[in-house]
Every structure is written in structure tokens, then in C-alpha cells.
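Residue numbers (the working numbering), protein chains in the order written: chain A, 1 to 363; chain B, 364 to 919.
No lab work stands behind these hints: they were computed from the structure.
On a predicted model such as this, the values are computed, not experimentally measured, just so you know.
Be careful, since some hints might not be right.
Claimed, not checked - Listed next, the in silico EDC-like pairs over lysine to aspartate or glutamate satisfying Cα-Cα at most 16 Å (straight line):
id: 1; chain 1: A; residue 1: 353; chain 2: B; residue 2: 812
id: 2; chain 1: A; residue 1: 353; chain 2: B; residue 2: 582
id: 3; chain 1: A; residue 1: 215; chain 2: B; residue 2: 812
id: 4; chain 1: A; residue 1: 295; chain 2: B; residue 2: 637
id: 5; chain 1: B; residue 1: 681; chain 2: A; residue 2: 252
id: 6; chain 1: B; residue 1: 651; chain 2: A; residue 2: 297
id: 7; chain 1: B; residue 1: 681; chain 2: A; residue 2: 225
id: 8; chain 1: A; residue 1: 214; chain 2: B; residue 2: 812
id: 9; chain 1: B; residue 1: 651; chain 2: A; residue 2: 286
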Amino acid sequence: MSDRFNITVDGKPVAAKPGETVLRACQREGIHIPTLCDDTRLDPMGACRACLVEVDGQRRLQPACAWKAAPNQNVKTHASSPRVQKHQDLLVSLYMADHKLDESGLPIETANSNQLRSWAQETRPVSLEAVEAPRAARAGDKNPYIQYNPELCILCARCTRYCDEIEAVNAITLTNRGSETTIGTAGMKGLLETTCELCGGCIDTCPTGALVEKKAIEILPHQLERKVRTTCNYCGVGCQMDLNVAKVNGQEKVVRVTSPPPGETVNDGNLCVKGRFAYDFIHHKDRITEPMIRKADGNLHAVSWPEALKFAAEGMNRVKQRHGPGALGFISSARCTGEENFLMGKVSRAAFKTGNVHSCAAT
Amino acid sequence: MKSFGAGVMSNSIPEIRDLDFMFVIGSNTTEAHPIIAMEMKVARQRGARLVVADPRKIWLTEYADTHMQLKPGSDVWLINAMMKAIADEGLVDKDFIAKHTEGWPELKANLQKFNLQEAEKMTGVPAAAIKAVALEYARTRKAAIYYTLGITEHAHGTDNIFSLANLVMMTGHLGVPFGGLNSLRGQNNVQGATDAGATPLYYTGFQPADDPANRAKFEKAWNTDLPAGVGLNLNAIMKGVEEGHVKALYVMGEDILISEPNTNHLEHGVKELEFLIHQDIFMNETTKYAHVVFPGANFAEKDGVFTNTDRRVQRVRKAVNPPGNARPDWEILADFARAAGYAMPHYKNAGEVYAEIASLAPRYAGISHERLDRTPMGIQWPCTSTEHEGTVYMHKDGPVKGKGTFIVTNYRPPVELPDSEYPFNLATGRVLYHYNAGTQTRRDTGTMDKVGECFIEVHEEDAARLGVKDGDMVKIVSRRGGIKAKVWQSGRVQKGNVWMPLHFVEAAINKLTVDVGDPLAGTAEYKVCAVNLIPIKPGKPAQAEAELQAVRHPQH
Numbered sequence: 001m002s003d004r005f006n007i008t009v010d011g012k013p014v015a016a017k018p019g020e021t022v023l024r025a026c027q028r029e030g031i032h033i034p035t036l037c038d039d040t041r042l043d044p045m046g047a048c049r050a051c052l053v054e055v056d057g058q059r060r061l062q063p064a065c066a067w068k069a070a071p072n073q074n075v076k077t078h079a080s081s082p083r084v085q086k087h088q089d090l091l092v093s094l095y096m097a098d099h100k101l102d103e104s105g106l107p108i109e110t111a112n113s114n115q116l117r118s119w120a121q122e123t124r125p126v127s128l129e130a131v132e133a134p135r136a137a138r139a140g141d142k143n144p145y146i147q148y149n150p151e152l153c154i155l156c157a158r159c160t161r162y163c164d165e166i167e168a169v170n171a172i173t174l175t176n177r178g179s180e181t182t183i184g185t186a187g188m189k190g191l192l193e194t195t196c197e198l199c200g201g202c203i204d205t206c207p208t209g210a211l212v213e214k215k216a217i218e219i220l221p222h223q224l225e226r227k228v229r230t231t232c233n234y235c236g237v238g239c240q241m242d243l244n245v246a247k248v249n250g251q252e253k254v255v256r257v258t259s260p261p262p263g264e265t266v267n268d269g270n271l272c273v274k275g276r277f278a279y280d281f282i283h284h285k286d287r288i289t290e291p292m293i294r295k296a297d298g299n300l301h302a303v304s305w306p307e308a309l310k311f312a313a314e315g316m317n318r319v320k321q322r323h324g325p326g327a328l329g330f331i332s333s334a335r336c337t338g339e340e341n342f343l344m345g346k347v348s349r350a351a352f353k354t355g356n357v358h359s360c361a362a363t
Numbered sequence: 364m365k366s367f368g369a370g371v372m373s374n375s376i377p378e379i380r381d382l383d384f385m386f387v388i389g390s391n392t393t394e395a396h397p398i399i400a401m402e403m404k405v406a407r408q409r410g411a412r413l414v415v416a417d418p419r420k421i422w423l424t425e426y427a428d429t430h431m432q433l434k435p436g437s438d439v440w441l442i443n444a445m446m447k448a449i450a451d452e453g454l455v456d457k458d459f460i461a462k463h464t465e466g467w468p469e470l471k472a473n474l475q476k477f478n479l480q481e482a483e484k485m486t487g488v489p490a491a492a493i494k495a496v497a498l499e500y501a502r503t504r505k506a507a508i509y510y511t512l513g514i515t516e517h518a519h520g521t522d523n524i525f526s527l528a529n530l531v532m533m534t535g536h537l538g539v540p541f542g543g544l545n546s547l548r549g550q551n552n553v554q555g556a557t558d559a560g561a562t563p564l565y566y567t568g569f570q571p572a573d574d575p576a577n578r579a580k581f582e583k584a585w586n587t588d589l590p591a592g593v594g595l596n597l598n599a600i601m602k603g604v605e606e607g608h609v610k611a612l613y614v615m616g617e618d619i620l621i622s623e624p625n626t627n628h629l630e631h632g633v634k635e636l637e638f639l640i641h642q643d644i645f646m647n648e649t650t651k652y653a654h655v656v657f658p659g660a661n662f663a664e665k666d667g668v669f670t671n672t673d674r675r676v677q678r679v680r681k682a683v684n685p686p687g688n689a690r691p692d693w694e695i696l697a698d699f700a701r702a703a704g705y706a707m708p709h710y711k712n713a714g715e716v717y718a719e720i721a722s723l724a725p726r727y728a729g730i731s732h733e734r735l736d737r738t739p740m741g742i743q744w745p746c747t748s749t750e751h752e753g754t755v756y757m758h759k760d761g762p763v764k765g766k767g768t769f770i771v772t773n774y775r776p777p778v779e780l781p782d783s784e785y786p787f788n789l790a791t792g793r794v795l796y797h798y799n800a801g802t803q804t805r806r807d808t809g810t811m812d813k814v815g816e817c818f819i820e821v822h823e824e825d826a827a828r829l830g831v832k833d834g835d836m837v838k839i840v841s842r843r844g845g846i847k848a849k850v851w852q853s854g855r856v857q858k859g860n861v862w863m864p865l866h867f868v869e870a871a872i873n874k875l876t877v878d879v880g881d882p883l884a885g886t887a888e889y890k891v892c893a894v895n896l897i898p899i900k901p902g903k904p905a906q907a908e909a910e911l912q913a914v915r916h917p918q919h
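Hey, can you work out the whole structure from these sequences and the hints?
So this is what it looks like as C-alpha cells:
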């Protein structure tokens, strides 16, 4: 702790660690500095200019995301600097001139939210003449999950840096130059024809909703009933994820899976293609919905729970009486919860007196 | 685990990005554990060294400094040769060995059999590479080993693990942060299922079932008499079904007719069962023979915990209701036990079930649903009291079993080797876009867009000899059965080897595999079996038959 030092932000002391940026020190203290291109998982890029602050001794405003804190440094954010406020108002105005707006004149809300919209509400943007930037989308990209809307892209490169620095497949990149700069792939091919593994981390990191999930694209964040933090049910990494629940035709459904914020959980906000996108099975039409027993005609028939339980218990007890408990086997599941596996062990040992119980855990 | 007392990930996932050396053996990490692979790639980009030992050119090899492309089933040779190189160079951790282990002299003597030149012949990995990797591992402090089913799914799987444990202990990479021996568990709760006691060997929390004191403790808690000793493991239960002395099964959440080895034989046994209860979320092959079907709930529809591969207990939370009359599986089990005449408590929620687990197993004593709800990172066991913070890395004060034991291992060839009739060695595995039997991922359009049908990876020289090209159908036959798949010259497999994913019901690969289990673990040999490939040319059966005769007697 001895290597900590103080900087001054808007007149107040803020603790910082050697090598730390002004932004991270401020975030730890709960001081709000707007950002668009920042993601704690990525190297700072300083591309979006949203986090510019005044630093004593510096003629220009400096990006808090890249500026290293130093002892006794004096920093002013928009909270105390009219110059920073003026910069932010103009910057938001410039972004909005090159952005799709809704009827109220604000950056549109997307299924993946839009931080530019909330920032516009915190600042005083002026109306500038709209720019029609010729950024290209990838026509004919047939990938099933990831949609790119160039009219919402601010070229912060979070998606391309994530694809490079974290997922490390380099499927997407900033391509073309000047006002034509866009998020491209090699030969502007669809994502299915690239090294893309469809992890969807680009959607998760996109601040403006230029990247959105194609499924349930019409369901906006404010229309969700709730988000439920849970553990992924696929592999053994135990990624934490948020199940987004919305009402569809009056019924509550999981309509989307999103990442928890980076830094909070074991997966640091990362998910893979299965965890993020392969959730259609949850409400699939093939789900078994009724208990069933096989009757004399050789077919399974739906019955009530009490009837099914009685039939099942009698069947197992009959075999136990006829052949002894050693003739029974209880196969549990590594897909089910700890509590359920515990109960399968208890059912086998306590109710049927056999240790013949195993989950598919061996494989 | 017999070597040092816990067959789990000794260290933690968040440590990976700060490692300096990673040795990944028998783990197709990018496809089977994508987020752990992401951490490895982040470490690699930071400058850490990555060595991958795998018979196939898996994706991760594209990021690796060294790919040791060993012959299938030669792991024991490779690892022992690495140990010999380390010992010869005088890089053993004498302090660690003296303080924390036993059996080193015997192991050291046995290593003399594994010289580098012979190792190159047996494994196909250049002697210089084996030596270089071994010495770098021994010299690097922040060095960890990761393995998964490529190591365990062999009839000599435990020998492979003992060998790795020996390597870790002789270099003192145990009981330290950024090190250890890390078994990456394949399924969401494969760790938790064993932890909870769904195993014939242990009561909840790895308390041996053959210890009368444990039995007495659980008899008191559960207020009934319990069976003495251990029961049958999964492989033995399935053998019992085939042989007819296991007469009734309760199967929850598994399709035994897809997932178990040598399924042709098993299916016959399942048909003859006197009673079969199947509890699942979808109908599958096993349901066809069930006398009762219980509709369960999936992870989004119930409460509970999963324990991940780094011993992290985390909450599963209900988001939506199950469809129709489907119910959470824990409720069904409790009701079933009562219907069968056992006085199972009336648990109000899954948290009450967990409280019973915590009360019976000291290593989870400090964990509860309430505490997990306050802990977004989860809690890593052992966690022995409500004040205990959990365990980020194990064996801090020496191996948990007291002294770590060096267990001498010797090479044993796979149960079934290629011969003139079945000239190819088949291994099975997973792809990123699907999960196990595909029950869930094959119901998603996107994952099916990426990988929509079964394929078999074939070396280009073998494909040329067979006269097949990418997309051609072949019949794959072993001594136990036959299936079909499309040829893919992926450039990943070695000559004489073929590889198939296991996710496709219509090409049920376990009709081919060997059901001989490891003598200790009972784990089946999914990674090595001998097959032949027979090209299928549409509309030309006579020609196909002629070619079949030709490939039955290939010139090697």
C-alpha cells in the first residue's frame, strides 16, 4: 500500500497506484468520466476522445484512459472544467451528426443499448448538419448471430481490438480510409467465411449498438422484465451470464444472453458461441412437458404426476424385491445441479440401499 | 487422486493470464473450454510460452510456440522422457521432494528406461523438442500443466495422470500460485456431481463409502440403514445391463445410448431391462425404452449450484418457468423417494438441500446459497467455515493427503491397435459449435450453420489411397459396428489416424468405440480404436465392394 500516492481530481484527493491511468483511479473512487472506446480488458487506445480531461501543465486536453497518474497531479473533469464541458458538448454534437437519430433527435436505442444516447442526455449537444458517411456494411453476410449497422458505428475499434487482443482470431478489422472507414473482414466476406468463432464478444463490447445480436433484435433493453445472473450450462469453465427475460405473447421467455461487466466474474465478461447464442433449446418445441408411463399398448402416455411417481416407485421396488438392491443402477448427470446429484446419491443409497450410483462424471 | 490427494484443478482460471509457461496436453482447449483458451491466448500475447502436446493439429497449436504431435496413446512415454531429461540435467526440486513426497528413488530408477532417442521413436516427437520443453518447464517458476479427456479417456488414463503428477512434483510446481496440475473438467457440473456424492466410491464431499464411520454418520443424518462398501461405477453398471444382472435403471439427464461406449451391445441390454426411468428435457434414444418418463427442467428454470473446473461453487438461478408440467429435477427426486417409501424431507427450496450438503461435508461447510448470492466470483472449495474465504490454489502447505506419492508408470499399448483389417486409428472429440450429444446445440440454427453434419478427418495421403476427396461419404467400421460420415482432409490428423466429433446421433460414434475401462477409474477408451474406411459411391455398389476389398488389404 505504501506505493500509493494521491492525485487531485476536481479539487479532491484521489488515491492512485504507480502505472495506473487517471481513468482507472477515478473509476475506483466513483468519479464519472464519460468513455466510449474504453474496455478494462483492452489496451487503452484513446480513440473516442470522450474522456479528455484538463491536466495541469498540459496545453491540450488529455485522454484520461491513456494518461498515467503521477504524484500531486492536478486533474479537472467536466465537473469543474468549463473547457472540458465545451469539448464534450461539441464532441457529442459531431458524433450525432454522423449517427442515426430517433424522432426526439437522440441517438437511437438498440437491442444492445447505446451509450451515446445516454451521454447526449448528460450534455448539451448542438444540432449540426448531418453527415452521410459512406461506411459500408458487409452485404450478404449470412452469419446467424451478429449484425453490423454502419450508421451507428463510431469507429472506436473496441470490437476489432477485442477480436485481436482477447479472442485472438482477428476476424474483423478497421478497413478503408477516411470517412469510408468501416469494420471489415478480409475481402469483406461474411463472418462464416472468416476465422470468426462467433463468440459475440464484439457485440458485448460495442458501446453504441452498431453491433447487435440478430435474434430478438426488436426487444429493446427497457422492454426487458429482468436480467437473471446464472452459471452457463455448457462446459466446465463456469462462465457467469445474464439471462434476459422478456414477455413474448404474454409468456416470460429468455430472449437473449448477455455478459456480466468485465472484472466481476470468473469469465471477465467473456462468453463463447455456445454460452452467448445457443439458448434456443430453453424454450424449444420438443421439450417434454408431461410425465409419461408406458402402458399395455407399448406406447408412452401422459399421466398426472402422482400416477407417474407411483408407477415409477412401484416398478423400482418390484425389481429390488425380486433381484435385490444390487440389480438397480442410478445414473446421475453432470448437467444437473449439485443439489440434484446429492439427491440422486441419497435416493440410491437411502431409499434403495445400493451404492450403484454414478454420474456421467467419469467422462 | 492417489498422487497428491485431489483430482481437480489445483489452481485457478484467473491465474492463467499471468503465467509464463503453459503445457497443454490432451486438451482441445479452444473448442472444449473456449474461455480458458481465451485466457491462454491473452497470456501468450503477453509473452508467455505455450506448448501443446496433442496427436492432432488442434486450433490452439496455431498459437503455440511448440506443438508436440505425439502418436496417440504414447503420453506415458513422452512424460517419462521429459522427467528423465529434467533429472539428467539436475533440475529436480530437491527441497520439495524431500519435504513433501515419497517414492522418488523408485521413480528415478524407473526413468532410466525412458531415454530421449527411444522416446522419439515411440512418440514421434523429436528428442530435441522433448528435452527443450522439459527443461523450460523445469526452469520456469510460473509454469502450469493443463489436461483433459485426451489424457483420461484411455484404458491407461490413470497412468497418464500419475505421470503428469510425477512431473509436477519433481519440479515443485505444486502448492504455489501460477502453477499446479490442472484437470479441465468437461461439463458444467462434472466436478459438482462427484463432489455431491453421485459416485459409488464416496459419500458427499469425497468421504469414502467403504469407511464404516462415514456410513454411520450418513445413516444417522438420513435416519435409515445404508449399504456397506462401494457400489458399481458407471462402466460396471453398463456392463451389468449388457450382461443382464443390472435389471432396472433410473437415468437422469443422459442419453446412455449415445454417450456410452460400444452402444450396439448396450442397446440390446437396455431393451431387456425390467424397468427404466428416464428423466430429461428432451426425448432421445434412451427414452425409446423407458417405462416412465419424467419431464425435468433446464438450467434456466431452476435454482441450485454448479461447481466448475477450478472448484468454484456458483449459483444457478431460475429465470423462467419450466414448460407445461415439467418440474425442477430436485423436486422430482425428492417426491420419487417419498413415493418409494423413504421419508425424504420436504425441502422448501434448493437452498435447503444445499444446507444439508454443507452440514454433511466439511469441505463445503462454509458455503450456502445466501453467501453465494453475495459473492459474484463464487466460492472455491475447500471452504470449511463461514469465515473461510475459499481456496484459490490447493496444496499450499504440502499435498492435502500429507505426502505426495511418486507412482512409477510404464508404457502399456492401447487396448486395440490398427491391423491389416482395421488399419486406421480413430480418436473422438468435440467441436466448438456443439456440446456432447447435441441435444441442445443441434436445436440452434446458428451452431448448425457452422457445423451441420458429422465428418471424419482423414490425412491427405490416406484419402488419396482410398480415392476419396472432401465431402465424399465413407463407411467407418470397427469390430463393434459401422457408421457413415463425410470425409474432410483437415490437415490436422497424422497419417494412419482419423478423427470424428461425437455430437451426431445419426453417426453415433460410440457404436465403434471400445468399452474397456481404465482399471482404476472405469473411464472408457474413447480416444483409441481401430477402424477401416470404406468409400461409398452413390449408385455403384459393385465398385464400392471392390474398393472395400482393396482397402481391407492396404499396402503400408
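Query raised in the report: Which hints from the list above does the structure break, by number from lowest to highest?
Result: 1
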